[in-house]
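Engineer: In case you want the letters, here they are:
Protein chains: 2
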Amino acid sequence: MKVEYINPFLKAAKNVIETMAQTKVKHAKPLLKTDAKTSGEVTGVIGMTCATVTGAMVLSFSESCILHIVANMLMEPVREKVDADVVDAVGELTNMICGGAKAELSKLDLKFELATPTMVVGKDLEISMFSKTPTIVIPFTTEHGDFVVEANLREKN
Amino acid sequence: MKVEYINPFLKAAKNVIETMAQTKVKHAKPLLKTDAKTSGEVTGVIGMTCATVTGAMVLSFSESCILHIVANMLMEPVREKVDADVVDAVGELTNMICGGAKAELSKLDLKFELATPTMVVGKDLEISMFSKTPTIVIPFTTEHGDFVVEANLREKN
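Chain order of the listed sequences is F and Z. Sequential numbering of the first sequence, starting at 26, is according to the numbering used here. Sequential numbering of the second sequence, starting at 26, is according to the numbering used here.
Bound-form chain F, shown alone:
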């Protein structure tokens, strides 16, 4: 995966969470995914494809992190557990972050179309991409817990 594909996801994730959820976000250095473990308890998956590149993005939150983000987004008290509204919010955030990355990637002349986000709720999941291209992991921290963005974009044959 080309290095210039990473920054659009990093910028979009930071921008969307800080804007939509008034939540300060710090990122660590992006790294290559070396196993199938994904830390989060609520995860959004979205496919993206353009004429020359195909891929997918994963957005995975710890429970505490997403409960606080959703409380800020909806201006409501922090829920005790993940419910349908929280799952829906993860779908929305997945769409928005991938949409933000898509806008940045269009500056590299890549006109992506986004597929429908799919949300997965559950602990102790293993999530992996069916691609020979390595997956990039961008770890983020907030005051109330962590989330990650994973991206895999590969040139079509």
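Hints were generated in silico from the structure; no laboratory data involved. Don't take each hint at face value.
Note: identical chains are not told apart, hence a pair may lie in one copy or across any two.
Straight-line distance between alpha carbons at most 27 Å, and here's what the computed DSSO-like set of lysine-lysine pairs gives [as the list claims (entries may be wrong)]:
1) K148 <-> K49
2) K136 <-> K181
3) K49 <-> K106
4) K27 <-> K106
5) K148 <-> K27
6) K106 <-> K157
7) K127 <-> K157
8) K132 <-> K54
9) K148 <-> K106
10) K136 <-> K157
11) K36 <-> K51
12) K58 <-> K157
13) K148 <-> K54
14) K36 <-> K62
15) K62 <-> K39
16) K148 <-> K62
17) K49 <-> K127
18) K58 <-> K148
All figures in this text were calculated on a predicted structure; none of them were measured in a lab.
Keeping the supplied structure of chain F fixed, place chain Z upon it in accordance with the hints.
Structural biologist: Chain Z only, in chain F's frame:
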């Protein structure tokens, strides 16, 4: 979701599993997904999009079902548990079934591009689509267990 979008997934799933894994497959009547539960322990998710329609397909196997399918595909003894080869096979099957559906859908003048499959391993998951269009579930049975194909295709605004 239009009724004529369902059959391409049904035909492709039956055809791919019967051909690739020499496994006899029966399907039950397709139904609307009414909750977020997805029965399988190994699941493939793939996004698909074309000029006018966007969506995703989920393919989810019980453990016993996929272990027997993979044994037939690789002509090897049945494994005791899900390992990296099994997860890879689910990615491949997700690609092939969605590719088969894509070929059928092209007869309706829909030229889909497929994204990268993402595989999820874990029990007691909840999987849902971020879409106001209902998700169609097609239940399949084999001699060694069940699998489902879920599809959600919606017209773009």
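Engineer: It remains to establish, for every hint, whether it holds in the given structure.
Structural biologist: Evaluated hints:
Taking identical chains as interchangeable, the C-alpha atoms of K148 and K49 lie at most 27 Å apart only when both belong to the same chain, with a minimum of 25 Å there against 33 Å between chains. In this assembly of identical chains, the alpha carbons of K136 and K181 lie at most 27 Å apart whether taken from the same copy (14 Å) or from different copies (16 Å). Taking the closest pair of Cα atoms, K49 and K106 come within 27 Å of each other only inside a single copy of the chain (22 Å); across copies the shortest separation is 42 Å, beyond that limit. Neither within a single protomer nor between protomers do K27 and K106 lie at most 27 Å apart by alpha-carbon distance, with minima of 38 Å and 35 Å respectively.
For the identical chains of this complex, K148 and K27 are neighbours neither inside a copy (31 Å) nor across copies (34 Å), given an alpha-carbon limit of 27 Å. With identical chains, the CA atoms of K106 and K157 are at most 27 Å apart between copies only, with a shortest distance of 23 Å across copies and 36 Å within one. For the homomeric pair K127 and K157, the shortest alpha-carbon distances inside one copy (22 Å) and between copies (22 Å) are both at most 27 Å. For the identical chains of this complex, K132 and K54 are intra-copy neighbours only, at 23 Å inside a copy versus 46 Å across copies, given an alpha-carbon limit of 27 Å.
Proximity of K148 to K106 under the C-alpha cut-off of 27 Å is found in both arrangements, the shortest distances being 13 Å within a copy and 19 Å between copies. In this assembly of identical chains, K136 and K157 lie within 27 Å of each other by CA distance both inside one copy and across copies; the values are 22 Å within and 25 Å between. For a Cα distance limit of 27 Å, the shortest separation of K36 from K51 inside one copy, 11 Å, qualifies, whereas the shortest one across copies, 47 Å, does not. For the homomeric pair K58 and K157, the shortest alpha-carbon distance inside one copy (12 Å) is at most 27 Å, but the shortest distance between copies (33 Å) is not.
Taking the shortest alpha-carbon separations for K148 and K54, only the intra-copy value of 25 Å comes in at or below 27 Å, while the best inter-copy value is 31 Å. For the homomeric pair K36 and K62, the shortest alpha-carbon distance inside one copy (24 Å) is at most 27 Å, but the shortest distance between copies (33 Å) is not. In this assembly of identical chains, the alpha carbons of K62 and K39 lie at most 27 Å apart only when taken from the same copy (22 Å versus 31 Å across copies). In this assembly of identical chains, the alpha carbons of K148 and K62 lie at most 27 Å apart whether taken from the same copy (11 Å) or from different copies (14 Å).
Taking the shortest Cα distances, K49 and K127 sit within 27 Å of each other inside one copy (23 Å), while across copies they are farther apart (42 Å). For a Cα distance limit of 27 Å, the shortest separation of K58 from K148 qualifies both inside one copy, at 19 Å, and across copies, at 22 Å.
Figure legend: structure checked against the earlier numbered hints; hints not met, in rising order: 4, 5.
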